[in-house]
Amino acid sequence: GQQLNQSPQSMFIQEGEDVSMNCTSSSIFNTWLWYKQDPGEGPVLLIALYKAGELTSNGRLTAQFGITRKDSFLNISASIPSDVGIYFCAGHPFPYGQNFVFGPGTRLSVLP
Amino acid sequence: DGGITQSPKYLFRKEGQNVTLSCEQNLNHDAMYWYRQDPGQGLRLIYYSQIVNDFQKGDIAEGYSVSREKKESFPLTVTSAQKNPTAFYLCASSTRDGFSTGYTFGSGTRLTVV
Numbered sequence: 001g002q003q004l005n006q007s008p009q010s011m012f013i014q015e016g017e018d019v020s021m022n023c024t025s026s027s028i029f030n031t032w033l034w035y036k037q038d039p040g041e042g043p044v045l046l047i048a049l050y051k052a053g054e055l056t057s058n059g060r061l062t063a064q065f066g067i068t069r070k071d072s073f074l075n076i077s078a079s080i081p082s083d084v085g086i087y088f089c090a091g092h093p094f095p096y097g098q099n100f101v102f103g104p105g106t107r108l109s110v111l112p
Numbered sequence: 113d114g115g116i117t118q119s120p121k122y123l124f125r126k127e128g129q130n131v132t133l134s135c136e137q138n139l140n141h142d143a144m145y146w147y148r149q150d151p152g153q154g155l156r157l158i159y160y161s162q163i164v165n166d167f168q169k170g171d172i173a174e175g176y177s178v179s180r181e182k183k184e185s186f187p188l189t190v191t192s193a194q195k196n197p198t199a200f201y202l203c204a205s206s207t208r209d210g211f212s213t214g215y216t217f218g219s220g221t222r223l224t225v226v
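Heads up: the sequence lines are chains A and B, in that order. Take 1 as the starting number for the first sequence in the working numbering and just add one per residue. Take 113 as the starting number for the second sequence in the working numbering and just add one per residue.
In short, the hints are calculated from the structure, not lab data. It is possible that part of the hints are untrue.
Said to hold, decoys possible - Simulated coverage check for chain A against chain B, where a stretch passes if three residues somewhere in it have a Cβ under 8 Å from a Cβ of chain B:
1. 35-44
2. 82-94
3. 98-105
For each residue, glycine too, the CB sits at the ideal point set by N, CA and C.
Can you make the complete structure from the sequences, with help from the hints?
So, in structure tokens, the structure goes:
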């Protein structure tokens with residue numbers, strides 16, 4: 001079945017730094033979602049992307065739908081301590097009617 | 113406010129016992145899902161339902177059972193046949209097509225076998 005790879009698996013950054021992470025696949029997807037999961041809680045939707053090349057922002061977060069439809073990117077600017085958590089990407093494969101496929105997550109730690 | 117509620121937040125089970133996890137949503141979503149998350153791991157799909165009285169097995173359905181008698185409710189039973197049930201369980205819901213709105217998740221139930 002389709003699989004998503006997320007990179008990096010984990011990262012430690014200083015407060016105030018910018019963060020970049022990506023999600024890749026060998027298959028084409030028609031929708032990309034980015035979620036954040038706080039410890040002990042359920043994932044919360046951050047950004048949804050529906051068109052190849054689309055660039056969408058949500059506050060300090062910016063995500064892009066890759067032109068090849070096989071990848072997506074998430075950037076966080078000026079990180080703060082509450083950015084700590086696990087960031088999941090999810091892709092909706094062709095054809096329509098299937099379930100979303102989730103990546104394994106990128107664990108972000110922010111050092112004060 | 114609309115949302116999806118999982119209960120209880122923490123659950124302890126003795127080996128050999130069945131246990132049922134509750135999931136209720138008031139988002140008027142047609143589709144509901146159950147995922148399992150192990151420490152440091154991603155989300156693995158257990159069961160999903162796209163309409164009342166119908167459900168499908170996901171990637172790791174063995175040892176689990178579900179029912180979908182009402183649109184709002186999708187309880188998950190972890191049976192004694194599940195060999196390693198200790199995990200964090202997440203319920204989600206979505207519109208029928210799923211991709212237009214994404215999945216809305218509950219806050220999870222942490223199950224521990226003692």
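Each hint, compared with the structure:
1. 35-44: Result for this restraint: holds, n = 6.
2. 82-94: holds (count 3)
3. 98-105: Per the Cβ count (6), the hint holds.
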